[in-house]
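S.K.: Going down the list, the protein sequences come from chains A and B. What the first sequence shows, in the UniProt record's numbering, is residues 1 to 196, in sequence order. What the second sequence shows, in the UniProt record's numbering, is residues 1 to 945, in sequence order.
None of these hints come from the bench; they were simulated from the model. Take every hint as true, because none was put in to throw you off.
Residues on chain B that point at chain A, a partial pick, calculated with CB under 10 angstroms: (1) Leu50; (2) Gly56; (3) Glu80; (4) Lys227; (5) Ile255; (6) Gln256; (7) Phe330.
Below, computed lysine-lysine pairings styled on DSS-like, alpha-carbon distance capped at 27 angstroms: (8) B:Lys21 with A:Lys117; (9) A:Lys88 with B:Lys342; (10) B:Lys227 with A:Lys88; (11) B:Lys91 with A:Lys26; (12) A:Lys117 with B:Lys40; (13) A:Lys88 with B:Lys169; (14) B:Lys227 with B:Lys173; (15) A:Lys57 with B:Lys400; (16) B:Lys342 with B:Lys873; (17) B:Lys319 with A:Lys76; (18) B:Lys143 with B:Lys128; (19) B:Lys286 with A:Lys76; (20) A:Lys52 with B:Lys21; (21) B:Lys400 with A:Lys60; (22) A:Lys26 with B:Lys128; (23) A:Lys88 with B:Lys128; (24) A:Lys88 with B:Lys91; (25) B:Lys21 with A:Lys26; (26) B:Lys40 with A:Lys26; (27) B:Lys767 with B:Lys719; (28) B:Lys91 with A:Lys117; (29) B:Lys143 with B:Lys249; (30) B:Lys41 with A:Lys117; (31) B:Lys21 with A:Lys49; (32) B:Lys286 with A:Lys88; (33) B:Lys128 with B:Lys73; (34) B:Lys41 with A:Lys26; (35) B:Lys284 with A:Lys88; (36) B:Lys319 with A:Lys88; (37) A:Lys88 with B:Lys249.
Just so it is clear, CB atoms sit at the ideal spot from N, CA and C, and this is done for glycine as well.
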Amino acid sequence: MSLNISLYTVSAVLILDNEGGRVFAKYYQSPEDPSSTDGPLSNLTGQTKFEKSLFEKINKMNQDIILYDNHLVTYKQTNDVIIVVVAKLNENESLIYSLCANLLESLTVLLDRAVDKLTILEKFDMVALCVDETIDDGIILEIDPAIVVSRVTNPPSSSSLATDTGSLKLDLSERGFMNALSFASKKIGERLQQGL
Amino acid sequence: MSTLSYKKLDAYSTSGDLPDKMSVFQKCLQEFNASPINAKKCRQLLAMLLRLIYNGQAFPSQESTTLFFSISKLFQHKDESLRQLVYLTTKELAATSQDILMVTASIMKDIQQGDMIYKPNAIRTLSKILDATTVSASERLLKNAIVDKNPIISSSALISSYHLLPIAKDVVKRLTNETLETIQSTKYFPPNQYQLHDYYATNNTNLPSTSFMYQYHALGLIYHLRKHDKMALMKLITSLSENNSSSLKNSLAVIQLIRYINRILADDEGMINVLYPILSSFLKHKSDMVELEACKTLIGYQHLLKDDQFMQIIGTLQKLSSVPRTATRFAAIRLINRIAFKHPEKIMVVSTELEDLIEDSNRSISTLAITTLLKTMGAGSIESSSGVDGGENVDRLIAKMTSLMDEITEDFKIVIIEAIENLALKFPSKYKRLVKFLNDLLRDDGTLELKTSIVGALFDLLKFLPDAEAKELILMNMCEFIEDCEFTELTVRILFTLGEEGPLTSKPSYYIRHIYNRLVLENAIIRSAAVVSLSKFAIQCGGEVSDNIRILLTRCLNDSDDEVRDRAALAVKFLDSKQKKLLVADTQFDLGALERKLTNYLNDEANFNVQFDISEIPIITKEELKSLEYQKKINRLDQPVHETVSDEEIGDNNNKKNKSTESGENSDSATNELLKQQEYANELSTIPEIAEYGILTKSSSTPIYLTEKENEFVVNVVKHWFIDSGKLVLQYNITNTLPRSVLEDITVIVQSDNESYVEEFVIPLDKLGPDQTGTVYVSFSIPSITEEDSDILCAFGNTVAYTNKDIVDDDGTVDSEGWSDEYQIDDLEVEAGDFITPLYNSNFTSVFDQLPNAVTSVVAVSNCRTIENAVTKLKTILNMMPLDGSDFVSSDTKNHQLRLLGKDTWGGKVASQIRLAETGGKVVAKFEVRSETSNLGTYILNGSF
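Turn these sequences into a full structure, and let the hints steer you where they fit.
M.R.: This is the structure:
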């Protein structure tokens with residue numbers, strides 16, 4: 001079996017929602033592999049078709065890894081999203097799986113344990129940076145989640161507080177309430193642990 | 001006002017819907033050009049932009065350029081978190097925008113003195129911005145960045161250089177020394193590197209200080225700079241693996257190293273002795289991905305390994321197949337399955353682990369475990385001593401599979417069915433349980449696809465199982481199945497098969513009753529199939545049965561459907577006139593050839609003046625058809641690429657197509673051979689001299705290369721036999737690979753060492769330009785096989801003679817002065833196999849016993865150290881078909897019996913039973929050859945092995 005000698009390892013990173021819709025999708029094209037530049041996955045229709053049919057196969061299966069349509073696919077489902085890493089068939093399964101698991105771990109840290117569709121969309125800047133700091137155009141840049149996380153900047157703190165008082169306004173929507181509740185439970189938990 | 005505010009809201013909305021593209025675009029231009037810049041807002045907008053891009057909403061070039069331009073204004077802003085996202089967006093927009101070079105200066109400034117946070121991002125963006133003309137300006141920057149003490153900066157520079165390889169290889173080449181230096185260096189993150197996130201609260205003490213990823217990137221880059229220098233690569237590998245505990249600390253880097261070793265081995269297998277110790281040291285590594293990679297590479301070269309080395313791999317795989325990580329278990333079982341294709345006996349030691357894996361929660365793993373076990377079972381039973389155990393194993397495995405079958409999806413079921421069929425075909429003695437299993441499965445609910453695959457498997461077993469009892473068992477089950485089968489297609493197929501096979505069984509009346517039931521109860525399509533099926537019974541069984549069926553068929557004449565009436569009328573007519581051949585055909589046309597001929601005929605209207613001549617289409621007997629199918633089947637099942645099917649996508653055509661191209665020549669050759677033959681025949685008949693020879697009897701299937709494939713001239717040859725007129729035509733295909741030479745007056749001088757072969761004429765080639773291929777024909781008259789002391793075996797010495805002329809300028813003007821030269825190429829041999837085609841028969845012994853003209857002899861098989869090699873060699877030389885699974889040799893036996901059957905070009909059968917024994921690295925074969933054509937056996941034994 002010929003092994004992939006180039007650094008181009010990952011074919012795509014996808015984040016799909018619980019209906020197979022796109023939340024995040026980045027397909028990488030390797031100059032060394034012609035099929036990535038003019039194969040079915042090089043255009044939007046082909047990509048969406050691939051995502052839809054892949055979703056059928058992996059949704060709620062929790063099998064971590066499958067071979068699908070001549071790709072090695074590893075995935076992690078959590079809350080209402082699936083994180084998918086697609087690579088070539090002859091890639092090292094364990095390596096790709098680690099990448100996928102570590103990506104999830106990085107996101108867990110960055111999104112403060114709330115890896116769900118709404119939070120991902122809310123903090124899309126962090127998610128995009130996180131993927132970019134993990135994979136650069138198909139080349140694995142860093143695999144250790146702690147280091148990836150350290151490379152992703154938080155959004156600018158509202159340094160210009162005076163002009164941007166809006167952010168201090170109480171959020172009274174249902175979501176705002178849930179946020180406050182989870183914040184409170186986290187703090188209480190921490191206190192309790194310290195007490196013990 | 002109201003729409004504006006709505007859109008404004010929309011741009012910031014976090015609901016699941018995508019924001020409107022145009023409003024984001026407008027908003028971006030507005031905010032990015034504002035002064036002072038609001039960093040927080042801009043970052044949000046950039047995120048929105050990225051969301052659109054990552055959802056496939058690409059901006060057209062003009063808008064993209066406008067965006068790019070306004071984003072470049074953000075380079076003024078100091079906020080590092082904004083700048084980081086600016087770089088990412090720049091990178092994403094670079095592909096669709098124009099005038100991207102304008103940001104080069106800003107980026108370079110950042111790389112030189114920028115903030116530590118976004119410096120790596122700047123370096124990585126650089127490779128997207130530069131083109132071939134501007135890249136040299138960045139050389140210094142990249143050089144400095146590669147040797148930077150900060151690992152992430154070094155990695156970024158290495159990756160950037162890697163991306164630049166296609167456009168500026170010479171510039172990147174100048175970074176070789178820095179890259180080499182980086183591989184073995186140690187770099188640490190500066191302590192203030194970490195961004196603190198809420199998650200960590202205040203505790204960041206146990207964060208890693210480095211991950212050594214730069215070693216991986218440097219190693220990846222250096223390969224491309226050094227790949228043509230094998231010695232340098234070897235030196236790199238040995239220096240890095242000498243004390244592998246210290247030099248390469250990153251698992252990915254080790255994997256990359258293993259892949260280089262693999263590449264070197266692919267070029268030169270002799271290196272295994274030097275490289276094996278390195279690879280085996282990786283079999284025990286702290287990271288399972290490294291262990292997997294080492295196993296993968298070693299399995300690719302399993303034929304070079306000794307038994308104890310092999311056991312080491314198995315040991316590692318055994319360990320890996322029981323770890324908690326699904327992906328690792330999956331990879332391990334995939335590899336074990338790959339070994340099972342070639343050496344099922346070697347993995348019998350892990351069969352307990354495999355049985356445990358059947359209950360694995362991952363269905364891909366359990367399916368692979370089952371198919372692998374099915375293979376080992378076959379191997380286990382071939383040794384007579386463990387035959388009993390084999391039987392028990394089958395029972396136990398089937399029990400396990402039965403319980404599993406309810407839980408898994410149909411795709412997996414189909415994979416398992418294929419594996420079972422494979423096993424039953426290769427080891428017919430096991431059929432009973434397997435057939436029963438398939439029948440049970442057939443009775444359960446399932447879709448058409450599943451049922452089709454089961455019925456397909458049963459049909460194949462029906463065709464190829466030698467045992468008459470097995471046939472009846474399958475047929476009876478099929479009868480029961482069609483009693484309530486909801487799929488018309490399947491019922492029709494089964495009815496057809498019943499008509500083919502049923503009359504030959506011991507009690508045809510049983511099947512007739514079932515078929516008649518269909519005639520009463522089913523729709524018109526099935527009824528008409530049933531009529532045809534019944535008529536076959538009538539014509540073949542004769543006597544009372546025939547009369548009764550005639551009555552049944554007469555009743556069908558009143559059927560409500562016209563197709564059924566027509567068929568019934570036709571059948572009754574043929575029955576009355578005893579036209580057996582019209583109802584039951586024992587030969588058929590070669591459909592592939594027929595199709596081609598017809599298409600050719602229809603393509604040109606000029607052809608219509610002449611009648612289509614069906615006699616040109618070769619006719620295949622049932623026996624030959626079976627051989628073809630069998631060969632195809634076995635070939636397909638034997639392909640290791642098969643493992644890809646073992647997973648989810650069976651129905652996927654794409655996948656199948658790829659497989660067949662991968663498995664390529666082998667699996668298709670059987671069916672294509674006839675087509676190719678047809679092609680050759682067409683080609684040859686256009687040459688008047690050769691057209692006189694009449695019908696082409698046989699051509700050698702694959703061209704034989706007489707030169708190395710990378711020579712100045714590449715020559716291959718095809719042998720065409722015209723047995724009826726006693727001629728042999730050698731077709732030399734010559735390719736000129738010299739870029740600046742034209743060859744003229746090319747001919748091949750052939751000298752035979754057998755006087756009975758007399759050269760008749762040569763058709764030379766006038767001219768051959770660079771990279772062109774031409775053909776030279778040489779014709780011989782050949783001796784007849786029936787004469788007592790003639791010898792049909794022969795060797796030809798070949799020399800190519802030509803006039804060489806150089807091309808003097810770029811317009812292709814040819815130097816008028818040339819010189820003539822001769823070039824000796826390899827010899828060509830005529831072997832016994834040239835006169836034989838493989839033939840299938842399910843009962844070898846009876847065929848063998850019936851053939852006259854027996855010859856026996858004992859020969860040593862040269863150049864073969866193992867029985868397995870010898871079997872492969874004999875099979876190819878004799879060009880006969882191995883039967884009864886006798887081409888499978890378990891690796892630790894010293895004795896083997898090979899049974900081969902073929903058909904010679906004179907129309908007779910030839911069978912050989914060969915006993916092989918291995919002693920002290922030599923293989924001795926005792927041949928027993930029987931043939932219909934006298935003398936052929938002697939020639940087979942006279943051949944060199």
